[in-house]
Amino acid sequence: MEKTILFPKAGGFIHGGDYNPEQWLDRPDILKEDIRMMKKAGINCATLGVFSWSFYEPKEGEYHFDWLQHIMDDMYENGIYTILATPSGARPAWLDATYPEAMRVNRQGVRNHHGLRHNHCMSSPAFRRKTAEIDRRLAERFGSHPGLLLYHISNELGGECYCPLCVQRFRQYLDDTFDHDIEKLNHAWWTAFWSHRYDSFDQIEPPFADGEGSIMGLNLEWKRFTTWNMTDFLKSEIRVLKEITPDIPVTTNFMTLYNGLDYRKMAKELDIISWDSYPKFHNDEETLFDTMADNAFHHTIMRSMKKDKPFMLMESAPGLVNWHPCNKVKRPGVHKLACLQAAACGSDTVQYFQWRKGRGSFEQYHGAVVDHLGTDDTRIFRETAQVGELLKKIAPAAGTRVKARTALLFDWDNRWAIQDAKALSQQTKAYEETCMAIWKEFLKLGVEMDILPSDADFTDYDLLIAPMLYLLQPQTASCLKAFVQRGGQLVATYFTGYVDKDQLCYLGGFPGDGLSDLFGIISEEIDTLYPSDSNKIRFTPEYASMEWQVKDYAEILRVRDAEILAAYTSDFYQGTPAVTRKQYGKGKAYYIAARTAPAQMRPLFTQMLTDAGITPQNLPEGVEYHTRTGEEGNYAFYLNYAPTPTQIENIYGTDLLTDTPLNGSLTLEAHGTAVIRLPQQ
Amino acid sequence: MEKTILFPKAGGFIHGGDYNPEQWLDRPDILKEDIRMMKKAGINCATLGVFSWSFYEPKEGEYHFDWLQHIMDDMYENGIYTILATPSGARPAWLDATYPEAMRVNRQGVRNHHGLRHNHCMSSPAFRRKTAEIDRRLAERFGSHPGLLLYHISNELGGECYCPLCVQRFRQYLDDTFDHDIEKLNHAWWTAFWSHRYDSFDQIEPPFADGEGSIMGLNLEWKRFTTWNMTDFLKSEIRVLKEITPDIPVTTNFMTLYNGLDYRKMAKELDIISWDSYPKFHNDEETLFDTMADNAFHHTIMRSMKKDKPFMLMESAPGLVNWHPCNKVKRPGVHKLACLQAAACGSDTVQYFQWRKGRGSFEQYHGAVVDHLGTDDTRIFRETAQVGELLKKIAPAAGTRVKARTALLFDWDNRWAIQDAKALSQQTKAYEETCMAIWKEFLKLGVEMDILPSDADFTDYDLLIAPMLYLLQPQTASCLKAFVQRGGQLVATYFTGYVDKDQLCYLGGFPGDGLSDLFGIISEEIDTLYPSDSNKIRFTPEYASMEWQVKDYAEILRVRDAEILAAYTSDFYQGTPAVTRKQYGKGKAYYIAARTAPAQMRPLFTQMLTDAGITPQNLPEGVEYHTRTGEEGNYAFYLNYAPTPTQIENIYGTDLLTDTPLNGSLTLEAHGTAVIRLPQQ
Amino acid sequence: MEKTILFPKAGGFIHGGDYNPEQWLDRPDILKEDIRMMKKAGINCATLGVFSWSFYEPKEGEYHFDWLQHIMDDMYENGIYTILATPSGARPAWLDATYPEAMRVNRQGVRNHHGLRHNHCMSSPAFRRKTAEIDRRLAERFGSHPGLLLYHISNELGGECYCPLCVQRFRQYLDDTFDHDIEKLNHAWWTAFWSHRYDSFDQIEPPFADGEGSIMGLNLEWKRFTTWNMTDFLKSEIRVLKEITPDIPVTTNFMTLYNGLDYRKMAKELDIISWDSYPKFHNDEETLFDTMADNAFHHTIMRSMKKDKPFMLMESAPGLVNWHPCNKVKRPGVHKLACLQAAACGSDTVQYFQWRKGRGSFEQYHGAVVDHLGTDDTRIFRETAQVGELLKKIAPAAGTRVKARTALLFDWDNRWAIQDAKALSQQTKAYEETCMAIWKEFLKLGVEMDILPSDADFTDYDLLIAPMLYLLQPQTASCLKAFVQRGGQLVATYFTGYVDKDQLCYLGGFPGDGLSDLFGIISEEIDTLYPSDSNKIRFTPEYASMEWQVKDYAEILRVRDAEILAAYTSDFYQGTPAVTRKQYGKGKAYYIAARTAPAQMRPLFTQMLTDAGITPQNLPEGVEYHTRTGEEGNYAFYLNYAPTPTQIENIYGTDLLTDTPLNGSLTLEAHGTAVIRLPQQ
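Chains as they are written, first to last, in numbering that gives the first Met the number 0: chain A, 0 to 680; chain B, 0 to 680; chain C, 0 to 680.
Since the list gives no way to pick out one identical chain from another, each pair is judged satisfied if it fits inside one copy or across any two copies.
Computed cross-link-like contacts, SDA-like style, restricted to lysine to any residue with a CA-CA straight-line distance of at most 25 Å:
| hint | residue 1 | residue 2 |
| --- | --- | --- |
| 1 | K550 | D283 |
| 2 | K500 | F361 |
| 3 | K58 | S199 |
| 4 | K39 | R557 |
| 5 | K550 | E285 |
| 6 | K31 | E523 |
| 7 | K535 | C325 |
| 8 | K279 | F361 |
| 9 | K535 | D283 |
| 10 | K402 | D270 |
| 11 | K327 | F361 |
| 12 | K327 | R537 |
| 13 | K500 | W322 |
Think of the hints as simulated: they come from the structure by calculation, not from any bench. Computed from a predicted model, the values in this text were never measured in an experiment.
If we strip away everything but chain A, and leave its shape as in the complex, we get:
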């Protein structure tokens, strides 16, 4: 696999973060000290201009870019590159005063006042015009600066708008989506129910708080439209920049599994994927491994959006954040763990929000490399500088990539449909948690697992897990059949294949669209358990030792032509099938009819991996493992989240962090890490 270095002129890993010099323009002493300390911390890049519009253009049409020129020049002269943000993430007060349409209207139909951040209408022509203008000027002035690496479009795009302009665009979007045929929409949305038929697209409104909330199809199309409109806005910014500087890549920073936007649609418009990672370190609900495993899931979904190159960790907190329910400080050594995890998962950058704490306003206590104290002798600064050194040591791994032969399907459309489904229990649907819990079992097995949309290309994979695939996209059923046909191992669960892309229930038996052929079963009923209810699944002698606890959901199956692996042990459906397997072509299709604890399912997963020809790692508890692969070498990352030392055997190669050869055994200290250049095979 060829290496892909994201920014050849900067080389290796990027170590940087958001930098807001505009807050300190009256303090040249501090700006000078910033450069000195960045160099000391091994910072080779800073992100500028994220919220600088009111400094670029303090009054409409009056532009000031010189201050930024000085900062970029100074940085560049000191070996620090620039990521330049477009400033559309927050608007100057004059802009909202002059163009009130730029302010969003909320679900209650009330236009916001000026303020906060995520508060712009994505449709507003005036705001798009003003944004294009400032973007154009930035690109013209700084597009050829030798320090410039990347454009960072806006900031953490999110939210939705119910203004008249957006309502109008929504109607147009629907008109296009349903081929200008209102009866097509009526059928897709099943509006005959409750007499909700529309005569024309002009009668349709978004799901206002005091309006229509009972049409599943409307709710889902509104989500899709919001992604479409946000992406359209994103494209409008990218277009201006690319016209002037087509060679400068663009990104925007994503936020884990943010529910409001289907990131995969937006990803198509970006050159590089980047995201912001803020785990709740040391919380009192879970182990550090569990916290970081969720973070690895997020790294992985980002990586899976563009498999041909590394991604970027655009933001993370050097110390703590200020907006968690409980803002505990990161324990010593944990910052290093988190930074190396990013690299292990395929990121080529470690970046922070923020370089220096501001004196006031909302994020004055958000962690930063430099505290209000202002010195370089703090614990946080020292740990940051240590990361700077580590990143230099592992530089050979930059540009390599993580490769997986297994994948988990996770869909925004499916997620929205499940959330909105008027069924089951609203409290225990837990689609995201279910996906993450299963994925985490493969992480513990040391098996790399991509996270894909259900309409992805499955060619590269040998094993697929599709939890709760409630909504089927048009081609998904046939692609899954083809996947198994050619030898793949597939797992589906309860609540699979109930509805089509418009959320119309399949007739003739779930899972629909032909999947009941693939699995050889029909689900006749789904039982929703109360928290105090319990049941079990007992396996046939083939899996003699297994008994799984059932909670939340249990489907009652009719088996057509599948092998029954296990049955329920109690309730009125005692003895009926709970886990089935069907040989289909060269592969196998498993159906797990009830919600069970993924840890109990591990023996089944292990067998499926064996059938797929994949060998799990034998990892100590609390250790995360990944390998980055490149033409010139492969690099194994070991991260020990446990508070005790541990040992791993059968490892050979060289630990880049210590420059020590390994002869079969690796000792990891408590919170210890290793990055092993593996012997060429």
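The hints should help you fit chains B and C onto chain A, whose structure is shown.
Coordinates of chains B and C only, in the frame set by chain A:
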């Protein structure tokens, strides 16, 4: 007692449900299959047109009724009758677009958008005109159809509207109610408090969210007005239908104890009472008996609204529903229990929402006889068909009625007043729960107990329970006195007789309006207990074994001329009277000063029944019992909710379900039922 | 110390309460009975007119004062004085109808409807004009009445208004506050963050619900402005009254620590401080002592606002209230305890809301001396009359004052800043609770402790506790330094000196503004603990026995030149300093870096008291103690909240309640009290 068959041409029991063929007009195969399966399931009636307006009148003034004609004809030819709904429960999109005044304004003063269901202004002249027009056309077209049994007005009427038209009507209503004298209102509402006097009726507004909420009288009159206005709307629909087809009876479907409307006021306008029953089967808070006892309470309040004829179970779920917090499937056999309970309580129909699940929208997962699978070999279909057969077997009981000599008083006015009372603890008032818990003890004793408003005629009764009768209607006190005077047994409790119909406190001692004479006590203080507080009531030797736990409320009494049956055992009112009895005329008036567990009160209830000449049944735990009475025979119903078999002795007659004679002993299986035609006496 | 009798013509203690005869003008029998019963209960004053506007002026410009004249005359003839309220606390309906601007606009930007109480715009010229007019007429008519003691301005002023007039005034206020320099505001509010710079004061809006909420400086100035504007309204009422009757003192009634207004700013405009006390008696979370200790805290903060004279207990409930979550009746004897506590803390009045329960509306069940029963033979009436007698017995203590040499700093500005700080955990900041818990330890020690703002004069004090002094007013740091310099004992804690008055963080190390010199430490990090986290503080051998539990917060310190008294026992900062002390001038400055239980801190407090030359009392558990001091004698109050008797030694003097001499030992019964005239020293 003469039998009253509700629909002689259909005969016996009605077995039916909501049917929405308009969702399947493009699928004649499905419509045909519906008829076949209805017959197979023993369905003899379907409810049509509940949400069909946009099919009747897809554009304003353009009417399409032929499709309904075909359905009704087909059904009739196959022995299936029609209940025809008026379509005002949901409006076409064009109607709201053309007449925005038809959409409701909420408590925040904001007009709703188009959507949902319960969203029409009851005052809107435009909406009334459009409703009258469509109703008129329906009656003209289908009023003489041989399959038509009943009109079903709108659907689950509910909610309130704060639009300018409703505000204006409210003022007019108050002007009439208070004899056009604003000072009469000022006195009744005690507006001298907080300087809230009104100069004129035009200054009065409903209790808007950001408006006046501190005048109890205003709050109560707004509730009364909403009932009045909803009833006026109901009457406006009935009027049109009766003009054209005076002989077709009308109903509307009630929803258990729905808080927003005083159903007894609406009941006066209806020919038949019907309601929708959706118990939370198999929840994790209570036994199945408890769940069903609540349901029996609801059946009974419906039955008590029109004692001269059977009522209708208009809706129930064949399987599960989709809107409970946890939508667990009904266990085998429980559907039968629920359906026979309806019959046992006096319903002559068992009807479902819905016949067939739609493919999309809000209720796509609401239980139905026919699932998305579409076949007649499902568990739910089989259980439904079984109910169809049972209803045929018990046909002789149709038209008979349940007769009670005891009654419990439950009032909407009193309920609203208690809810709004700024006293006690807002968390533990529990008026409804208190009434239901006491009523349930009589159910366990097998003693039939009607549920009446406090202004009812008590002539037919020998024992009355009046829990928490906080608000006294003008004649209630004197009627209760007369009841006891002539030999009745009466129980009142803490929080009785504090206020008059306007919620003005009685002066001179609670319970007011002369009730302190009847009971021989005055309540000086009422103590509200914290959850961790406890007290007890200990009885005099006459009731040697009794000690009741006190929770939530304890009144401190002064006894004037009553017998003291029991006293508190602790706190500063230790030793003061807690339960008293006064012989008054030929009867007895009991006062229970504190909240206690009804199960502990059973010995007292038993003695009162003895004094009233009523013999309780000796029922095994978990068994519900009722008798339906008719000139031609009496029918005893036994319903065993327990998961174990049980036996009942001293029963003679014939079990209609099995056509087996009983010679003194009846065995009920787990979830077993029996309907015994009793020997003529 | 000279005595200051508040109302010489009434003499001694005032015993009274709110009286609403306008509710009973049609019942002269009741009005007559009121006078008779007031005299029987020892009532010597009643508060009139609090909500009488619609009786004074039933239509605009039509005035009726005769009814009040009759009441005041009758009362005066019977020895009952009048406190006369201005009626602005609630407006007649016609006023809102005619001048809608008088109604407040809420945070959502929606104007309230007429109704409730706290619902007037403080800026409205129309409302100010109408208020001035009615106040003027009242003063002219009743200002020279011989029975008049005091004006009571409005009622429980509170709330805020977002109407256009208030927005305009807010801008003007900011313009003045920031010297007409928008850049000064931009710097103070750190608006460079998120590009939030303002070009002009006209762009600024209050923190609307859908508006700007992320600028800490804006949020704080809005709070300050609301106090300023409310005080301005208060002054506008006082001005009118003082013009006509300059010698009648004025007050307004405060509500414990009401969060919305900085009472200390308003106090400056008042002649006498008064407040409303409604403890949650007998709740299930705490002991009666704890409930009453919180109440003592509130008494003390009121007393500390005007140290040169007694304050007034303007409202309290004779029995129960009706608006607590659980409205339990006060146990026998507890009313006496609460009334004597007020006197012990420095109040010269015991007043009630309300004399007689109204028949209807929001407070019909609020406790009153006279119940709906209407007689004087109730428990509540008897206990009230007993208080009347006690107040006569302790009359010699009237006019004396409570003197303290220790003080606790509690600031509204600091409180608002802490509440709004985006840091720590939003759930556990608990500034008020922390202050109260520490203060309570000194109450248990029998050491009188004033409660002061941080910009107070510290001259009179020897020991200061400044918990969580997060925001430093401009002179506070230097005043604290001066205080310690001259020999004071000072305690500060974690979260001290982070921000200046605009909430800009100090650079160069916390605590800022020079306080790190005073304490000899810098706080490098603050750790927020999860509820399940724990740590401890272990002291050096000097305090061998002490070990404190740490919860919620722990700062990690760098010690510059302080003595380390104690260190953390675990976590990564194990062994680092947790409690320090620095000798500074003649005094000592303690820094306690973590949140700990005040009860564990008592040995440290005791030592500091010793160093300050103050001797704690040796009080039994559950006993509260205060001494009132006057030229003619000192009076010690003992209040036993325990349900068991107790004994106190070394007491000499005369118990005024029993007129018994004490020879060294005082026995207090369960809930017993004593007021001892101490021997002259």
